[in-house]
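A.B. asks: Based on the sequences and whatever the hints tell you, model everything.
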Amino acid sequence: MSLPNDLGYTAEHEWLRMDGDEATVGITAYAAEKLGDVVYVDLPKVGQKVTAGSVVGEIESTKSVGELFAPASGTITGVNDSVVASPELVNHDAFGQGWLIKMTIDEAPQLLTADEYAALTGE
Amino acid sequence: MVDSLGTTSRQTPLHSLHEALGASFTDFAGWQMPVRYTSDLAEHHAVRDTAGLFDVSHMAEFEVSGPQVGEFLDYAVSSWLSPIELGQAKYSLLLNESGGVIDDLIVYRTGPFQYFVVANAGNREPAWTALKQRAQDFDVELHDVSDQTALLALQGPKAYETLMRVFGLEVGKTPLSELKYYRAIPARFEGEPVLIGRTGYTGEDGFELFIDVSHAVPLWQALMNAGGPLGLVPAGLACRDTLRLEAGMPLYGHELNATTLPVQAGLGRAVSLVKGNFVGRDAVVEGPGFGAPVLVGLIGDGRRAPRADYRIFSGDVPVGVVTSGALSPTLGYPIAMAFVDPEFAESGQGLEVDVRGTRLPVVVADLPFYQRKKN
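Sequences listed follow chains A and B, in order. Going letter by letter, the first sequence gives residues 1 to 123 in our numbering. Going letter by letter, the second sequence gives residues 1 to 375 in our numbering.
Derived by calculation from the structure, the hints in this document are not laboratory data. Honestly, I wouldn't trust all of these hints.
A few chain B residues that face chain A, going by a derived Cβ cut-off under 7 Å, partial list only [unchecked claim]:
#1 SER39
#2 ALA238
#3 THR242
#4 ARG303
#5 ALA326
Distance ranges between label pairs, derived from CB positions [said to hold, decoys possible]:
#6 B/GLY289 - A/SER64: 30 to 38 Å
#7 A/VAL46 - B/SER16: 44 to 52 Å
#8 A/LEU120 - B/GLU286: 29 to 37 Å
#9 A/THR113 - B/GLU346: 56 to 64 Å
A few chain A positions that, by computed beta-carbon distances, are all more than 10 Å from chain B [said to hold, decoys possible]:
#10 ALA11
#11 LEU16
#12 MET18
#13 ALA31
#14 GLY36
#15 ASP42
#16 PRO44
#17 GLU58
#18 PHE69
#19 GLY78
#20 ASP93
#21 GLU107
#22 THR113
#23 ASP115
Model, not experiment: these values are computed from the prediction. Virtual Cβ for every residue (Gly too), placed ideally from N, Cα, C.
C.D. replies: Encoded structure:
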């Protein structure tokens, strides 16, 4: 599984693409594969203020439920309506069309590099 | 292999083959089992539409034989096994003295004085212990053959055609076409004995094949070669769970446990009261207390499924708990099984499930949720 080098990663198996003080957030392909076929995605509302580490959404597969954690404190600025309509995008394109939320970030979080994340998952 | 807890995780004789197929694995009852090869949904649909092949070699198997084997089984388990015909199988419950379930079993009659008992992997020890202990006053012999027995489950509308095409499979006098549901016949694959039962855990037509571990890989390959052109795919435990849930089949530890009576789980038919004494009989006759919860089906709408252990309410009153649930791949809506207060167990009853803090409406429904069209 190839990990994009331009993304930052968290130990909660999320990825962030930073663009100024806004981040696009999704779950990694590794996390999507562990979940199995994603059949339901619940995302926060645009404008919602979130605290780092809090649960802001759910990613549900036929087999289990995964939580989406806010990777930092900030405000939700966008959600991916396509993925709500077609949850399988999380499996098919976790790092692209399967993105979940966009948010402003109050303070940049400590992120893992692609290599560090790969070491964490052992893949 | 030893996991982080220091416990040994076992592998089936097909492990390398699963790895080569790119399977993801999960720990199940101390075994590393294939959870999926490609996609849970694709494998689920394949079993409903064509066929799937499962490695369920983790299951436990016991051979029971001897002059008093029928009397012994009638005493040791819930169903009436002494009168079943050679080749017949019966779903049975191993009960404790309180009428709770130690394990659910399939028992095949394989000889005039011989039966073959299939138990859950996670209950191998308690089931074996209970059977051994109950055998003390009978002239019978028990052998735990789990370690040398592999089990492949071939399930789906193309299962029969697949089996007919397997090269190297010889059946005896009874042709496969006459093998009825819940019957088994002895056969040989490449000279090795194989027991073929028309049984399964998916709600589809299908077969379960028991063979010595030494022949598990070639049998798997022969089945895949025969069924591949018909749409047969390897199928993992993830889809096995959604398939059995749609078919309303209980899973030990979810719908069955040591403190719930068979009748509460809708399994009164697996208990014979006319056959004489058996372990748990008094408790079963007495029945559960007034208001004891009963197993029901639940149907929701939307895509969010009730899951095991979620609580069920009628208004503000807690009335039950979910035992299994998923978004049904076949039906497209959420389904679940649950134990609820009998007052709220009528079909059509509206209830609410607490799905991680959100109350979602559900309706009580008859089981099973899915039934295949019979020919």
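A.B. asks: Taking the hints in turn, state whether each one holds.
C.D. replies: Hints versus structure:
no., hint, verdict
1, SER39, "5 Å, holds"
2, ALA238, "5 Å, holds"
3, THR242, "6 Å, holds"
4, ARG303, "4 Å, holds"
5, ALA326, "5 Å, holds"
6, B/GLY289 - A/SER64: 30 to 38 Å, "34 Å, holds"
7, A/VAL46 - B/SER16: 44 to 52 Å, "49 Å, holds"
8, A/LEU120 - B/GLU286: 29 to 37 Å, "55 Å, violated"
9, A/THR113 - B/GLU346: 56 to 64 Å, "58 Å, holds"
10, ALA11, "17 Å, holds"
11, LEU16, "25 Å, holds"
12, MET18, "30 Å, holds"
13, ALA31, "13 Å, holds"
14, GLY36, "5 Å, violated"
15, ASP42, "8 Å, violated"
16, PRO44, "14 Å, holds"
17, GLU58, "7 Å, violated"
18, PHE69, "14 Å, holds"
19, GLY78, "22 Å, holds"
20, ASP93, "15 Å, holds"
21, GLU107, "28 Å, holds"
22, THR113, "25 Å, holds"
23, ASP115, "23 Å, holds"
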